[in-house]
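Novice: Protein sequences, first through last, are from chains Y and G. Residues 1 to 262 (my numbering) make up the first sequence, in order. Residues 1001 to 1363 (my numbering) make up the second sequence, in order.
For the record, the hints were derived by calculation from the structure and aren't laboratory data. All C-beta atoms, glycine included, are put in the ideal place defined by N, C-alpha and C. Some hints could be false.
Derived lysine to any residue pairs resembling SDA-like cross-links, with alpha carbons at most 25 Å apart [unchecked claim]:
#1 G:K1038 x G:K1087
#2 Y:K43 x Y:V127
#3 G:K1132 x Y:K43
#4 G:K1337 x Y:T51
#5 G:K1189 x Y:N94
#6 Y:K43 x G:D1345
#7 G:K1337 x G:E1321
#8 G:K1037 x G:D1027
#9 G:K1135 x Y:K78
#10 Y:K78 x G:N1251
#11 G:K1212 x G:L1185
#12 Y:K126 x G:I1123
#13 Y:K78 x G:S1349
Have a look at the derived ranges for each label pair, beta carbon to beta carbon [said to hold, decoys possible]:
#14 G:A1326 x Y:T81: 27 to 37 Å
#15 Y:E250 x G:H1357: 43 to 53 Å
#16 G:T1298 x Y:G231: 50 to 60 Å
#17 Y:T81 x G:E1241: 34 to 44 Å
#18 G:N1356 x Y:Y96: 40 to 50 Å
Just a few of them, taken from the derived set where beta-carbon distance is under 7 Å, the chain G residues facing chain Y [to be verified]:
#19 A1002
#20 Y1006
#21 N1113
#22 Y1115
#23 D1128
#24 V1161
#25 Q1165
#26 A1339
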Amino acid sequence: MRDLNAPANPLETLAYIIAQQIHDHSIVYIGTGLPMVAGILAKKTHAPNITIVYESGGQDPIEGDMPWSVGCPFTWRKSPTIMEMAYSFAQCYNGYVDIGFLGFAQVDMYGNVNTHMIGKDFHHPKVRLTGSGGNNDLSSLMGNMVLVGLQTPDKFPEKVDFVTSVGHLTGGNSRQEAGLIGNGPSAVISPWGVYDFHPLSKRMRVKSLTPGVTFEIAQSLTGFELLKPDGDIPQTKLITDDAVKIIRTEVDPRGVFTTMPT
Amino acid sequence: MAKYLYNQEAVENLKLSDTSVLDRLVDFESAREAHSKKEHAKKDKRMTIGEAVATFVQDGDIITDGGFSYVRTPHQAFHEVIRQGKKNLQMIGSPNTNQSFFIFYGCVNFSHNSYSGAEMRGIDRLYDRALKQDKVKILSEWSHGGMAQGFKAAQLGSPGVASKQMIGSDLVRYNPYLKVIQNPLKKDKDPVVFVPALYPDVSFIHCHAADKYGNAYIYGPAVNDLAMAAAARKVIITAEEIVPEGDIRYNKQGQIIPFFYADAVVEMPFGALPGSMPGCYYWPRQWWEKCMRWATLTDENAKIFLDEWIINNKNQFDFVEKLGGAKWIAEARRQTKAAEGDNEDIDFSYEEFTLNHDSGLYY
């Protein structure tokens, strides 16, 4: 049983901020990990009528326990239909999916994502990571893509070591010129801030910061120059006590994705 | 004389001195010939997994990962391939997580990579080390959806499809099969990626029920299996149970692989272990945690763990015994039914494997 009175940890904070991006009645594409927590949290709070889609093919499940994997029965529990993988991504291409959430190992100043490797030599990287999975597909196809992950200067470099997924490529209109559809990532969410992209340059910009985090702190956690919004920087809405309780009792009671690694 | 005009930038980036190793995956003519020459008569194709692997898997073949990493994946058939010591294989799949076990034992030397890992349970250090030790060479990098389109193109009966996935990314710069072309119908500039139809040599498909001819029924996510079964030159069906043809005809409407794709039909209850099987059994979750968190730490750990679970087993029943036998079966069945909403909700708590805590329990 989780301690219901302990203050929210960064993962719970993150799950809450992600959930706030989800509007009721929308179709939501969910990657593994925290986005699952956020999607189910949204469904149990402000957005009870969303339809969740997973890349293994599950969609519109009756929610149960926290899925152990994106292929877990909880991602297709009593689903009216289960899609084959090719068709699942086709739903994004064809415009049915409203918002998608995916993680990253690195994200750069234009929202390009790396989940392939850390290091400069493809054949002998410092660390080889998973590869694309569905990351590239969603980034290529979604109208509204939100990137979710931890923030350090290494994870937010000026240039990613491998462009697994195109965000705004080299800024400006470069994404459209390369032939990609969709608008590219709309936001990057870390425990410390929510970032968007300047409408013209497409460079990453602070949208709001977690209470206690200043622009200077956010900048020190970033490997490139962050853009500042006009005027005062708003504070990200803090997770409510109710939401913490719902995460710990209903969404992720065993803390599969929302207990801090020890 | 080379038959294909590969993406030259990718060939160079991947340092492929001899591109003939790439050919068979996209060799439609040879796949069509294999399909036309295989047994078309409705015959009893039942055999043991040992016979099926010995007969239909040749050294150098391109084999597929199936299901979804550890959901309805033909793990137990894979273990037999490893035990028979097949060599020089290529592996492709979305995901392609299980290639790491083959690479560790020197069975797979070439990877068509899309995703290798077990989601939140940690990165695949086996694959990471194998790449650095040059035990495996990546022949192409894919997204899940892009590779799925390649298999689907084969099932559609098409030389390939034009895709808006992977475009602009480094995947195209590390995939010799992909070429960016202009959409011929658009007046304005409209780049698309041509994804060729993909024809692996051998697909193992683990299904819920099959008749002796190879009509095979799948329940739950089919992922890429229907397309891979249509594309592969050789198809080995492993089934939780063999049922009369009438059962398929009358009771199993839905996701069916037609019998004439199948070269072999193997009755193989628990054939998806250590993965889960929709409707049948839930994961031994601790197995994957121990695998990813402990076994992959060093090659020595990996050898202890994988020898115990793969090499030292005769078959899947040995695997079941090590998981806890009948007690494991009862618990795993209860869990999967609860997860699917087919009985009362249960508590999914379990003693997670960590480096500090190994309960020795797998349910």
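Novice: Indicate, hint by hint, whether the structure satisfies it.
Specialist: Cross-check of the supplied hints:
1. G:K1038 x G:K1087: holds (24 Å)
2. Y:K43 x Y:V127: Measuring from Cα to Cα gives roughly 36 Å; hence the hint is violated.
3. G:K1132 x Y:K43: Given that 25 Å is the threshold and the Cα spacing comes to 43 Å, the pair is violated.
4. G:K1337 x Y:T51: holds (23 Å)
5. G:K1189 x Y:N94: Holds, at about 20 Å.
6. Y:K43 x G:D1345: It holds: about 19 Å lies between the C-alpha atoms, which stays within 25 Å.
7. G:K1337 x G:E1321: holds (21 Å)
8. G:K1037 x G:D1027: holds (16 Å)
9. G:K1135 x Y:K78: violated (43 Å)
10. Y:K78 x G:N1251: holds (19 Å)
11. G:K1212 x G:L1185: violated (47 Å)
12. Y:K126 x G:I1123: holds (13 Å)
13. Y:K78 x G:S1349: holds (22 Å)
14. G:A1326 x Y:T81: 27 to 37 Å: holds (35 Å)
15. Y:E250 x G:H1357: 43 to 53 Å: violated (26 Å)
16. G:T1298 x Y:G231: 50 to 60 Å: holds (54 Å)
17. Y:T81 x G:E1241: 34 to 44 Å: violated (25 Å)
18. G:N1356 x Y:Y96: 40 to 50 Å: The hint (40 to 50 Å, Cβ to Cβ) holds, given that N1356 (chain G) and Y96 (chain Y) are roughly 45 Å apart.
19. A1002: Where the cut-off is 7 Å and the nearest Cβ of chain Y is about 23 Å from A1002 (chain G), the hint is violated.
20. Y1006: Check failed: Cβ of Y1006 (chain G) comes no nearer than 17 Å to chain Y, outside 7 Å.
21. N1113: With a minimum Cβ separation of about 5 Å from chain Y (threshold 7 Å), the hint on N1113 (chain G) holds.
22. Y1115: holds (4 Å)
23. D1128: holds (4 Å)
24. V1161: violated (9 Å)
25. Q1165: With a minimum Cβ separation of about 5 Å from chain Y (threshold 7 Å), the hint on Q1165 (chain G) holds.
26. A1339: Given a least distance of 4 Å, the restraint on A1339 (chain G) holds.
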